[in-house]
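Participant: So the sequences go chain by chain: U and F. For the first sequence, my numbering assigns the number 1 to the initial residue and increments by one for each residue that follows. For the second sequence, my numbering assigns the number 1 to the initial residue and increments by one for each residue that follows.
Just so you know, not all the hints are guaranteed correct.
Here are the simulated BS3-like cross-link-like pairs (lysine-lysine), alpha carbons at most 30 Å apart as the crow flies [stated by the list, open to error]:
no. : chain 1 : residue 1 : chain 2 : residue 2
1   : U       : 305       : F       : 11
2   : F       : 81        : U       : 221
3   : U       : 421       : U       : 221
4   : U       : 33        : U       : 207
5   : U       : 258       : F       : 61
6   : F       : 11        : U       : 221
7   : U       : 300       : U       : 207
8   : U       : 25        : U       : 74
9   : F       : 41        : U       : 258
10  : F       : 61        : U       : 740
11  : U       : 305       : U       : 221
Hints in this document: simulated from the structure, not taken from any laboratory.
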Amino acid sequence: MSLDTVAIAQSTPDNKQPFAELGLKPDEYARIKEILGRRPTSSELAMYSVMWSEHCSYKSSKVHLKQFGDKAPKSDALLVGIGENAGVVDVGQGYAVTFKIESHNHPSFVEPYQGAATGVGGIVRDILTMGARPIAVMDPLRFGPADAPDTRRVLPGIVAGIGGYGNCLGLPNIGGEVVFDETYAGNPLVNALCVGVMKHSDIKLAKAAGAGNLVVLFGAKTGGDGIGGVSVLASETFGTGGSTKRPSVQVGDPFVEKILIECSLEIFAEELVVGIQDLGGAGLSCATSELASGGSGGMKVALDKVPLRDPSLSPEEILMSESQERMCAIVEPHKLARFLEICKKWDVTVTAIGEVTDGDRLEITWNGEIIVDVPPRTVAHEGPVYNRPMEQPAYINEVNSQKVSVPIPHTATEIKAAVLKLAAAPNLADKSWVTSQYDKYVQGNTIQSQPDDSGMVRIDEKTHLGVAISTDANANWSYLNPYQGAKLALAEAARNIATAGARPLAVTNCLNFGSPEDPGVMWQFAETVRGLADGCLEMGLPVTGGNVSFYNQTGAIAILPTPVIGVLGVIQDVRTRTPMSFNSAGLDLYLLGQTHEDLAGSEWAFLHGERVGQSPTADLSAEMRLIELLLAGHGMQLFSAAHDLSQGGLSAGLTEMVLRHSIGARIVLKSAGIELLSESPGRVIVAIETGRAQSLVDLASEHQIMLTKIGSTGGDSLTINESVISLNELRTAHTSTFPKLFG
Amino acid sequence: MATIVVEVMLKPEILDPQGNAVASALPRLGFTFATSVRQGKRFEIEIDGEPTAAQLLEVEKAAEVLLSNPVIETYVVRVEK
């Protein structure tokens, strides 16, 4: 393929260009021509097409996501908000924590192992880019039906990929979710979260300031992987003159990433960078245009200086390549020598590829010829914005007007069967098969991980300051009512942190939806964002950043609206945390919160093939009172255990508690069937010593939370009224599902 | 008796961390000849008698389904005497 330069573009304005194959609409292509005053070169076209893709430009979601800023609650904790690589929160003692969640759904379906692995790698680099040392990861996952043949291909690959990459990096995996539903067949969700810690003064931003400063590329060499992976309509015909057809799969090398982490942290510590950006989706196109646009001036890059793994790559391909484990830094010239020295020590390839200019253009050359000359903001931040049509889908009224009709167990035999059925249900069954492939304790700071309510890590070994994180989504509720579904997921994630005694501080989110071109899906999305923004405002929790993943569908079938909400909280002394279960007999068990007949969207309804009715309505002021109660109780060291109730209701909650330390419980319920199966939000089981009942009663009345004594701990069975389920039987049901399905 | 050999290699544009590790270990041990190393795997499949065209087709199929990951790897099937 001959080189398409700016000069050639000017002299051949009528050349046909494959913009449609690159995913650009005719009006978007026309706009690029208008911006440039000529046709784009093929390199410029490549850049615009990837940067203006849904994935990078948020063109369909932007108008809605604004609400996270507009409705943002006042928070002193927020140090860096939305817009940077990841948000940063103040957790006290001079520490700042950064966390973010991102999707890697489509690549993980094509090639499960590498797709999931590079998903972990990407989010870890985002956190590193903020100047933080990554300290833990989490992975909320969603798959097609557990017994579907393709799930047997996809799930083990994805789990192995997450484990393989994360374990090699030496990062503990402290939680996540595994959920099955037929809408995810053909479109699994792989969301990856990473959390990192730093001192306030160490925060780094993605900007290229100071004319004359150097643009330095370091990390792995650039190869032909993932070209167009970021573009929804990645073209197979692009660059037909090139060598082999390029795969849209990236392969990562965790050991290179580990070295890159250590090398970068050493470079940060010596304050050798002005700005920094990792190379993820859209590779160099993204990094150069975002750095230039985040700074004050322009940038000049000599693309031919980029070290290549495959010398046959064309400039267009180099710009689009998503080769993993690469970073781009802005370095003052007098610090370059030291920068190179550190890279040499870590054996990291490093090359100065350009410099910051005082102009306002991003200029890229190839062997001296100008192939890109664009205003960087038009590539990075001023892409198209769509106010897509939306309409409440017809199914909403239809499902909301129906009542859930599922059998409710009454007799002792029926109750036992129901508890065992839920314990063994793939969505609720023991996930050790998955989590035992992850290293949960490496670095020695993990306090909680699966199956605890939240993941918790210590960040200071002297003061025992720690952070807790939980990610939650209930797609069934979001399907019935996306507005409430988002609020309920937020409340659940916050509650999951508070049960351990950590105070919720900030929110991240990964919004997984079908095609934004479907007005029904767009409505689900808009309602979700509105719900989450309202919920965050009411609960006083700022959204620090997140990710939107559209086009999650198989043919015309969209996935359930799946907003995964991550909440991060802080605990002053991890040694005081409240565990999720009791490890002694003779404790009293209480239920905090009120149980209604909330079967719509419940696991019990799901098991009976019912997805109808109305989702519960989130009562966030009650949720906040419950959180305050939990924190006050934790402060008094009142609780021997506290466990959140969510999917699977009281039945699942009790199952998890009694199996944790093999201590049974005797439970007495008035209408056991409903009380066991209902998934009313805002409920927590607590265990306390008998003598401390009055303190709990006082706390509950002070915070206006309903308190019900439901039983006591002890024995080797879970006994509910007359129904006796031995722990062995319960354990077999709970732990054999995954090994049976996945070997 | 014949041996059917299936050789599986990562596609040329796919990153090969194992090959890279070997390439960087060679000079440390004093071997300076290599500019690049790619690592693959080799299967030796024994069959009775001379392989028929139909059998080779079956092996091709197995290579596609089980022995290689066609998303990132290529394979070659041949008969070794």
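Participant: Hint by hint, note whether the structure agrees.
Facilitator: Comparing the hints with the structure gives:
Restraint check for residue 305 (chain U) and residue 11 (chain F): satisfied, since their Cα atoms lie roughly 25 Å apart, inside the 30 Å limit. Restraint check: the Cα-Cα separation between residue 81 (chain F) and residue 221 (chain U) comes to about 41 Å, which exceeds 30 Å; the hinted pair is violated. Proximity of residue 421 (chain U) to residue 221 (chain U) is assessed by CA-CA distance (about 52 Å); at most 30 Å being required, the pair is judged violated. With a C-alpha separation of about 27 Å, the suggested pair residue 33 (chain U) and residue 207 (chain U) falls inside the 30 Å cut-off, and the hint holds.
As the CA atoms of residue 258 (chain U) and residue 61 (chain F) are separated by approximately 38 Å, the hinted pair breaks the 30 Å bound. For the hint linking residue 11 (chain F) to residue 221 (chain U), the alpha-carbon distance of about 17 Å falls within 30 Å, and the restraint holds. Taken as a hint, the residue 300 (chain U) and residue 207 (chain U) pair is honoured in the structure, with Cα atoms around 14 Å apart against an allowance of 30 Å. Taking the CA atoms of residue 25 (chain U) and residue 74 (chain U), the gap is near 40 Å; set against the 30 Å cutoff, the hint is violated.
Of the supplied pair hints, the one linking residue 41 (chain F) and residue 258 (chain U) holds, its CA atoms being roughly 26 Å apart against a limit of 30 Å. Using a Cα cut-off of 30 Å, the hinted pair residue 61 (chain F) and residue 740 (chain U) holds, with the two alpha carbons roughly 28 Å apart. Note on residue 305 (chain U) and residue 221 (chain U): the hinted pairing holds, with a Cα-Cα distance of about 11 Å set against a maximum of 30 Å.
In this structure, the earlier hints numbered 2, 3, 5, 8 are contradicted, and the remaining ones agree with it.
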